[in-house]
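Going down the list, the protein sequences come from chains A and B. Once you know that position 190 of the first sequence is 190 in UniProt numbering, the rest is easy, because the numbers rise by one and skip nothing. Once you know that position 155 of the second sequence is 155 in UniProt numbering, the rest is easy, because the numbers rise by one and skip nothing.
Calculated from the structure, these hints are not laboratory results. Keep in mind it's a predicted model, so treat the numbers as computed, not measured. Take these hints with a grain of salt, some might be off.
If chains are identical, the list can't say which one is meant, so a pair holds when it fits in one copy or spans any two.
Claimed, not checked - Below are the BS3-like pairs computed for lysine-lysine, each with C-alpha atoms no more than 27 Å apart in a straight line:
(1) Lys16 to Lys284
(2) Lys284 to Lys89
(3) Lys166 to Lys188
(4) Lys136 to Lys185
(5) Lys284 to Lys185
(6) Lys89 to Lys136
(7) Lys89 to Lys166
(8) Lys185 to Lys166
(9) Lys16 to Lys166
(10) Lys16 to Lys136
2 protein chains.
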Amino acid sequence: MTRILILGGGGMIGQKLAHHLAADGWQGQPAEVILHDVGFAPDGAVAAQRMTGSLTEPGAVERLAALRPDVIFHLAAIVSGEAEQDFDKGWDVNMFPTWHLLSALRAEHVNSGETYLPRLVFSSSIAVFGAPFPDKIGDDFLAAPLTSYGAQKACCELMIGDFSRKGFINGVSIRLPTICVRPGKPNKAASGFFSGIIREPLNGLDAVLPVPDTVRHLHASPRSAVGFLMRAGTMELDPLGARRSLNMPGVSCTIAEQIEALRAVAGADAVAHIRSDPDENITKIVAGWPRDFDTARARELGFVAESDFAEIIRTYIADEMTPA
Amino acid sequence: MTRILILGGGGMIGQKLAHHLAADGWQGQPAEVILHDVGFAPDGAVAAQRMTGSLTEPGAVERLAALRPDVIFHLAAIVSGEAEQDFDKGWDVNMFPTWHLLSALRAEHVNSGETYLPRLVFSSSIAVFGAPFPDKIGDDFLAAPLTSYGAQKACCELMIGDFSRKGFINGVSIRLPTICVRPGKPNKAASGFFSGIIREPLNGLDAVLPVPDTVRHLHASPRSAVGFLMRAGTMELDPLGARRSLNMPGVSCTIAEQIEALRAVAGADAVAHIRSDPDENITKIVAGWPRDFDTARARELGFVAESDFAEIIRTYIADEMTPA
């Protein structure tokens, strides 16, 4: 049975991936799923083994590598806003455990007589890019992050690329657009309002918009994010050569277009819940984020996102607001 | 008096930079120069303080940071061939000490009440780029290294960029082309033959060419490298914004053109010393290296290289073969 380890398995995407694996299995077969995180919400029950702890604890990643998972989804991170506020914590959580994990997996590879070669899918971010950039960022564009979070993700990508090139692991990094509409409560991500201005109004609550509505950004639903991870976990990686970092597709739109999609799907009453309250810090962070990608390569490789923002809203309603 | 620390101060470039500083000082004034390296050649005498040790020793970078140098030239590294052969040593020497150095400099910055803000000049490499690439690599092109050495340099660039963006240091990374003609004996760099096929014949010795003479590559002399470092150490960095990695200019030419330049400068007898002996491993590494750059940005910023390879050869003859 395929053993699948999800780091950050208590998070929103980790939980959705675990539910998907419990329901659909792995390549048509049941899978053994192990979730690791610093904690799990009380209602996060899913048919999977849970391990609680921090990847920063001494020996933690070595113990996880010793399980010799066939596939590892590495989704564990602190979010961009927190990594920007707490410099030490950002690097300690978002970069160094990835190094230690890679080293531990390599040790297992060596100890196994080089028969153990895990698939590692790393959730990177479009935050590896920083302004100035072209309207559509291509696959050859440099990673010049304007946040510590982006720098940490970019370092991890380089390490994963080098360990893969050397044949110690079989890794791929997927640069996720902002995942929207996130269910549940706001988190500390600077991008949190992109979901908030849709989710709160749909649930009859007020929402704050901290940036101008002219801001353009790239979005994909949580359902698409799970699809990206599954595709990255199962696709043939050899055709990628040494370039193991992929820009994921998404819907590029302005906040005004997001709001118009909300009006079309849920009416003017929903839109009336949005209140503008500019936040200089968030505006500055978001101004350094990409607006759109040329994602032809990812689409050719079979990664699929929504076609417009209204579809993203309808996905939220179907997955989060509709009784199962 | 400006205190200047040169990490890797016992190496070829470090020694040349130290000699330059001893002769010309720093911005028209005498400077206090401290050289740090794992060892110094017996004939490497220069008017500077020497410190012997490894940056990988516990506490080593903290002691160096405590000296609060005004300017740090970080040239310390193991070369590409060795980093490729010894994976652990490559990362342990080429990446982690840079992280610890940055952390130690940041601690001094904080302890000084944020008055201490050192200039850090990091010698990166065109090895951060990997094929496939355009004929001329522009400043927006992605770092996709095909060697561990390149991945280590690219990670250091990201860290230096983030520490600089946060205002903990004032750093810049310069991506040096292959430095040619290196004086002295061959080192373990995969690029060593680029110098060897010129240096050995000029000194009446045989030289081996391990790759096809159609290989195109980018070169600058050791004298230009010192000029790049001095420029990076003294220029205004604010105009660079958050993009603190610069491609240095150089002479782009094929090995056949190198050999023709040798013939023009030193005659057919010199060229007769070159013997072709293909090495598959070196050919593979070199095939992943860049051939040419669009270095308009660096030239606008005042970085100057030779105009053709014959000039590089004449620089070697003037600096290394002519009695002072």
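Structure versus earlier hints - violations, ascending order: Going through the list in order, the structure violates hints 1, 4, 6, 8, 9, 10 and respects the others.
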